[in-house]
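J.: Sequence:
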Amino acid sequence: MKASEILTKLDLYAEDYNFPILDNMNFDFAQGRLSVFQYQDQWAMIFEIVGVDPNLNISNDLFVYSNTSNPQGLIIGCDNILTLQNNADIFDDDGDFLVSPFDLNLIINEKSVHTQPTEEAYTQLGIKTKPYTPTNMVRYLSVTYKEYFWLDVSILLKEASLSNEFTLFYQTDEWQHTDEEKPSENEFFQSLAKAMELKDASLIQRNEPNTHWSRWTWSDFEKQGE
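Under our numbering, think of the first position of the sequence shown as 3, with each following residue one higher.
No lab work stands behind these hints, which were simulated from the structure alone.
Capping the alpha-carbon separation at 30 Å, the derived lysine-lysine pairs in DSSO-like fashion look like this:
{"#": "1", "residue 1": "Lys196", "residue 2": "Lys11"}
{"#": "2", "residue 1": "Lys4", "residue 2": "Lys201"}
{"#": "3", "residue 1": "Lys225", "residue 2": "Lys184"}
{"#": "4", "residue 1": "Lys113", "residue 2": "Lys148"}
{"#": "5", "residue 1": "Lys160", "residue 2": "Lys4"}
{"#": "6", "residue 1": "Lys160", "residue 2": "Lys196"}
{"#": "7", "residue 1": "Lys148", "residue 2": "Lys160"}
{"#": "8", "residue 1": "Lys160", "residue 2": "Lys113"}
{"#": "9", "residue 1": "Lys225", "residue 2": "Lys130"}
{"#": "10", "residue 1": "Lys4", "residue 2": "Lys196"}
{"#": "11", "residue 1": "Lys201", "residue 2": "Lys11"}
{"#": "12", "residue 1": "Lys113", "residue 2": "Lys132"}
{"#": "13", "residue 1": "Lys184", "residue 2": "Lys11"}
Put together the whole structure using the sequences plus the hints.
T.: Next up, the structure:
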């Protein structure tokens, strides 16, 4: 694998708007993770982008890029990862959000969560409780229960149509993501591609990560009507 080939692949999908955009008008971003897999000269890059989709479901959108697997780009939105205990309704018939910000009794990827955060806990994170929305909820949960939202490696490989021969080369939830520039113009992705080519993760530049949700709020659903 060549770094130039990896970057060309990423650029191709980015130019077609099929690459993660963290300030997405159709998705409120909460957290992201990047996993890179290798097997001999084959490589695969999987982004997990967790947040709220246009239907106001909590979703983990998977973006896959590889020199071996198909399909690529956005392959699936896993929008059944969060439910209320006892399958209670999240919205009423009028579309109003029924979850109390101070009593979260949930199931996230089959793991039970019951927590009773205070107003102060939300305020410290810069999250409002009025109005309380799915976006505010998942961003709060991302602080303490971030790991609950990720998919296991075996599931990632299966969803990406990759064999179990692929091994994890690099994984992070903090990186310098593209902001209008092409992946090939981005320091992080340049270094990642070179590290993949040389099979040396120490070459990856980890400067100035920007993947915290607070960096990408201007496009939130609730701000689009302002």
